[in-house]
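Q: Letter by letter, the chains look like this.
Protein chains: 2
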Amino acid sequence: MLHEIPPRSGAAFTLDRGQRLTVIDPCGEQVSDLLAFARADTDEVISSGRTLDYLSRIFLTVPDPIYSNRSNIMLRIVEDVVGRHDFLLTPCSQDTFRIIYGDTDPHRGCFGNLAAALAPYGIAPDRIPVAFNLFMHVTVDGTSGTLAVRPPLSKAGDRIVLEAEMDLIIGLTACSALQSNNGRFKPIHYRVD
Amino acid sequence: MLHEIPPRSGAAFTLDRGQRLTVIDPCGEQVSDLLAFARADTDEVISSGRTLDYLSRIFLTVPDPIYSNRSNIMLRIVEDVVGRHDFLLTPCSQDTFRIIYGDTDPHRGCFGNLAAALAPYGIAPDRIPVAFNLFMHVTVDGTSGTLAVRPPLSKAGDRIVLEAEMDLIIGLTACSALQSNNGRFKPIHYRVD
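Chains as they are written, first to last, in my numbering: chain A, 75 to 267; chain B, 75 to 267.
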């Protein structure tokens, strides 16, 4: 069963150990922020810092694992058509739109959408860490350290598949920031098998 | 008053808004992991993801601010002799030594040292995020994404000074990982003015 996350919104759902999550970019050039919390104890959460350290790499693809803050493997990438995602930045938020875009009436962003979707699972906004930002195309200049957010490399129908290595609560968005998705808000599709 | 953090250990202390924290590498090529929590509510903590996003840069120096997970400025770098620090990796831990070094009886690392030092302030280990790793020299290849931990660029006596923009609890270490400090455990000195 295919689920749709409408433009600028988010969803949360459970994913059992051994299940696979397929995230599809139906229109192309759209980003989806992914969070994962351990169902047994939601204080265990994906950790960019642990994952990048253990992989010695900032870009992830097949068959890379995503580690938790307790150094356990939460998810593993088992299929990846696009091969470019971001694991450096936090979800866009009211503050992102205020600070980076100068908006006077800022949208709640992926952060607000994730916080709302995760609230029924008892997960507080302060528990939202750096997300694994699917299809997000961030370049890094190794000399100056400059980051740039580029249009995603994903084309319509491109997908990534992740397999759960523990029982999880997943947060997932259709990204709300124009910089991330080349200036047009689009939906995200996902499926759990 | 100059304080010494002995090799492979850590400390925690308060820093008032307007006060300056000077961290000195007394022997050269040593790393110090820095954490900051808001004293008013320790659920507010430094955020690599917010800071790198708002700066559009992975390397920080004068006069860069360090943002919290709530997008408030916690600290600002006001003096920086070395100019190279890391804000990508979590503190080294038992798991780091197990996974990266293959140690059978792993040290608790900066993570364990920070957890112990922060416990009297009611801060749980799961609340430890990516640290701002002073003097840590991590290179990033922008094409492959490969990370490498190199010897710090700090020479004996080099310092960094940060000013608090809110009342804080600081966690600080003399790093426990041989990769980070060019193979020799050394102390760290600090001062609060």
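Among the hints, erroneous ones may be present.
Unchecked claim - The calculated label-pair distances, taken between Cβ atoms and stated as ranges, are: (1) B/Arg265 / A/Arg265: 23 to 33 Å; (2) A/Lys229 / B/Arg258: 45 to 55 Å; (3) A/Gln93 / B/Gly231: 50 to 60 Å; (4) B/Gly231 / A/Val152: 47 to 57 Å; (5) A/Val266 / B/Asp241: 43 to 53 Å; (6) A/Arg224 / B/Gly157: 40 to 50 Å; (7) A/Gly176 / B/Ala190: 39 to 49 Å.
Quick caveat, the hints were computed from the structure, so don't treat them as lab data. From the three backbone atoms N, C-alpha and C, an ideal C-beta is built for every residue, glycine too.
Q: Quick check: does the Cβ-Cβ distance between A/Lys229 and B/Arg258 fall within 45 to 55 Å?
A: holds, 50 Å
Q: Using the C-beta atoms of B/Arg265 and A/Arg265, is the stated range 23 to 33 Å upheld?
A: Roughly 56 Å apart at Cβ, these two residues miss the hinted range, so it is violated.
Q: Assuming the hint says 47 to 57 Å, is it satisfied by the Cβ distance from B/Gly231 to A/Val152 or not?
A: holds, 50 Å
Q: Just to be sure I understand the hint, the distance between the Cβ atoms of A/Val266 and B/Asp241 should be within 43 to 53 Å; is that true here?
A: holds, 45 Å
Q: Look at the Cβ atoms of A/Gln93 and B/Gly231 and judge whether their distance stays inside 50 to 60 Å.
A: holds, 55 Å
Q: Tell me if the beta carbons of A/Arg224 and B/Gly157 are separated by a distance inside 40 to 50 Å.
A: violated, 27 Å
Q: Return holds or violated for the Cβ distance of A/Gly176 and B/Ala190 against the range 39 to 49 Å.
A: For A/Gly176 and B/Ala190 the Cβ distance comes to about 43 Å; the hint holds.
Comparing the model with each numbered hint stated earlier shows that hints 1 and 6 do not hold.
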